[in-house]
Amino acid sequence: MLEFPLDTQPDPDAFLRAALRWHFSPETGSPFWLERAGTLGFDPLTDIHGFADLSRFPNLANELRDVRAEDLIPRGYGPHPEVVGVYESGGTTGAPKRIVLLQEWLDRLLTWSSAQLDRHGVPQNVNWLVVAPTGPHMVGDVIKRQTAFRGGLAFTVDLDPRWVKKLISEGRAADAGAYAEHIVDQVAFLLQTQDIGVLMCTPPILERLARRDDLAKLIHEKVKAINWVGTQMDADTRYLYRTEVFPKAHLYSGYGSTMILGNASERPGLSDDDPCIYDPFSPHMVFDVVDPKTHETVGYGERGQVVMHHVSKSLFMPNNLERDYATRVPGPKGVWQLGDSVADIAPVQEFDNETVIEGVY
Amino acid sequence: MSSGLITLDALGPAGPFRARKRTTVTDVTGAPVAELSLVPKLFVTRAMTALRKASSLPLTERTEALERAGRIFAEEIIDGLSFAEYEHTVARVSGVPIGVVRAATAAIIEATEQSRYAAFQARPVGAVDDWRAEETRNGSAVWTRRGDVFAVHAAGNHPGPHSLWVEALALGYRVAVRPSRREPFTPHRLISALRAAGFGEDQVVLLPTDYEAADEILRGADYGLVYGGDDVVRKYAGTRVLPQGPGRSKMLVPAGVDWREHLDTIVDSISHQGGVACINATTVLIDGDPAPLAQAIAERLALIPSLPPEDDKAVLAVQPVEGARAIEKFLLAKAAGTTAHLGGDGVVEELGDGSAVLRPAVHQLDRPDAEQAGIELPFPCVWVAPWSPADGVGPLRNSLVLTAFTDDEALIDELLAEPTISNVYLGDHPTYWIRPGVPHDAYLGEFLMRTKTVIRD
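So the sequence lines, in the order shown, correspond to chains V and Z.
At position 55 of the first sequence (counting the first as 1) the number is 55 in my numbering, and the numbers step up by one without a gap.
At position 227 of the second sequence (counting the first as 1) the number is 227 in my numbering, and the numbers step up by one without a gap.
Read the hints as simulated data drawn from the structure, not as lab findings.
Just to be clear, a hint being listed does not mean it is correct.
[Said to hold, decoys possible] Listed next, with one range per pair, are the computed distances between beta-carbon atoms:
#1 V:Leu270 <-> Z:Thr26: 31 to 39 Å
#2 Z:Arg52 <-> V:Glu82: 51 to 59 Å
#3 Z:Asp210 <-> V:Gly177: 50 to 58 Å
Ideal Cβ placement from N, Cα and C applies to all residues, glycine included.
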């Protein structure tokens with residue numbers, strides 16, 4: 001049940017009950033959940049009937065900041081589980097949260113996400129230049145394996161987002177800029193010497209690449225697809241890339257979270273005026289968009305805070321409230337999907353207090 | 001989007017650009033007037049690169065094109081607006097009285113007509129305009145640009161400052177202007193006119209942006225000009241960006257001078273331009289009892305009517321009520337402990353449509369170095385303080401314009417020697433006096449140009 005073939009559509013509630021049986025049975029569940037089962041106030045095996053009941057679970061993501069990583073692995077995988085890595089979430093607001101990526105889940109994720117790339121027309125058997133965080137972050141490693149899965153070589157240039165955010169929060173914008181140029185310099189060598197078919201990077205790095213005439217020319221000549229991730233890109237910028245800067249490359253975005261062990265590509269076929277919509281890998285990933293104050297689901301087309309559930313054999317992590325804001329949109333037409341899709345991801349907006357500034361300007 | 005609104009596109013190196021991201025420009029009642037495209041950073045980067053790659057028109061061509069642009073600005077329908085409709089719109093959105101708007105647009109037109117004369121007044125006497133001049137055969141300095149691209153973060157308080165960057169175009173710079181989101185109409189119209197007059201789309205651009213992309217305009221330029229408060233001045237002092245900060249213009253009435261003879265000039269200096277300009281008098285210092293002078297100023301200023309900005313007889317600036325109330329609250333807090341002759345209970349007079357007139361305020365201080373003497377606010381707000389020669393030039397420092405009703409040569413020498421006083425007007429001249437060819441805050445050419453020696457066979 002938990003390993004349903006990807007071309008079939010499982011009964012979602014039966015799937016969820018199977019997952020709970022796995023995660024909450026003493027023989028197969030993880031020490032993390034088995035320890036907490038008694039404190040929930042209900043029995044996950046008998047009181048949870050379907051995805052609608054997931055909201056009864058507390059958001060335990062904060063406990064991932066100090067739990068032993070070993071305790072997150074379901075016992076059902078035996079004494080020698082196939083672990084791809086232990087990864088951390090951003091770590092920009094306090095201590096990082098930690099999660100374990102098992103080979104079995106990665107295989108499912110890659111099969112699903114690779115099919116998404118095919119739908120985007122991203123070519124197979126080409127090399128990727130991945131300018132993304134590695135180290136404690138998951139995305140770099142996953143994309144490296146995805147490249148291998150699709151038959152190319154992955155060239156990686158590491159990005160350390162925590163360092164960049166630290167520099168910016170300390171007002172060291174010039175240092176942050178120098179670091180970004182250091183990244184661009186490394187990218188330059190790869191663009192100049194290697195066959196790069198797909199470029200994955202963040203919007204700020206892409207802007208710096210576009211600014212350098214020589215590198216923009218190399219990208220224009222070599223790169224078939226550009227995958228941007230990590231922060232938002234406004235519609236006008238996207239339009240300029242598509243029409244003026246890199247008109248030959250297919251530009252698309254991705255959105256993911258360490259807490260759901262994965263990512264989704266933007267819905268294929270969106271127009272220049274559409275928002276970037278992300279459809280999750282259902283029913284393993286389920287999205288909801290809620291009012292930040294009441295935690296009630298907002299209406300379609302309205303903005304709110306993103307809530308994510310992850311349900312797989314590898315991990316059960318319900319009700320994780322993300323920092324991101326998004327517009328709630330229905331899932332794609334004609335495709336079975338549990339829960340909602342999300343669009344126009346943006347961090348929480350902060351507004352400056354307006355104060356009287358002396359002077360006449 | 002909403003119909004009936006004026007649409008203001010960005011004016012990029014490949015022509016007008018209508019962005020998906022737009023901001024609504026409202027008038028003083030909060031009613032929407034226009035939709036302004038906001039371009040992203042990538043657009044800015046590419047526009048600045050295009051300016052850098054472009055070439056400039058030759059001197060005569062560009063000053064002739066500037067002259068033509070002034071006529072187009074004044075006479076033609078641009079973006080569907082006649083000149084009169086444009087001026088009316090500026091008054092309605094900025095709250096600056098229509099008479100002041102007309103004077104400012106006249107100054108912009110004059111600046112285009114006289115750009116060659118005005119911009120080149122800054123040239124050192126030892127230098128020539130062109131290496132082809134006869135003088136270089138025997139060796140001469142040639143006045144040359146320090147860079148190619150000039151960026152302006154414009155202010156929205158008053159259309160007048162747009163006459164300044166025109167000089168950079170005359171000097172051969174390619175220019176990028178980031179308009180104020182409060183009043184983008186003037187630079188939009190002026191740049192549209194410049195393009196119609198012969199400037200290339202890659203020679204002068206209008207880049208409305210949000211805050212994130214604003215710095216990118218300066219980053220992509222060789223030299224820049226920004227308007228702002230003390231924080232902006234501190235941030236950019238001594239860099240390739242020229243800050244234009246608070247004016248804190250002052251007037252000095254020494255002993256033996258009868259202020260009654262100069263009352264018109266004093267009152268005018270405070271209230272002309274609605275008090276929104278940096279060349280409006282902020283502080284009046286008098287050797288003697290400040291009370292009678294403060295009282296006389298207050299009596300005059302109290303007579304000014306409260307009118308909507310588009311009224312031909314309007315003198316005072318208008319703001320949305322909320323903004324006006326914030327300024328009033330700030331003033332009342334800061335003025336505590338001073339003697340109010342006018343505006344002690346507040347300065348806001350609501351017009352009943354969501355807008356409010358900022359009425360004049362006159363406060364008397366008991367010492368020239370009181371903290372309030374340096375507070376400049378965007379309406380006729382004046383501080384009248386006692387001064388004696390024993391106080392020296394200290395209280396007169398940090399003035400964009402200082403009008404001194406004096407013929408004391410030793411004092412005049414001192415005022416001219418004081419680096420933080422930008423302009424010294426002696427006798428009966430209002431602080432707002434200015435004309436093309438004299439510097440506003442040193443010549444722009446001093447900042448943008450340098451000399452190089454050339455000798456040739």
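Hints, verified against the model:
| no. | hint | in the structure |
| --- | --- | --- |
| 1 | V:Leu270 <-> Z:Thr26: 31 to 39 Å | holds (32 Å) |
| 2 | Z:Arg52 <-> V:Glu82: 51 to 59 Å | holds (55 Å) |
| 3 | Z:Asp210 <-> V:Gly177: 50 to 58 Å | violated (19 Å) |
Going down the numbered hints, you'll see the structure goes against just number 3.
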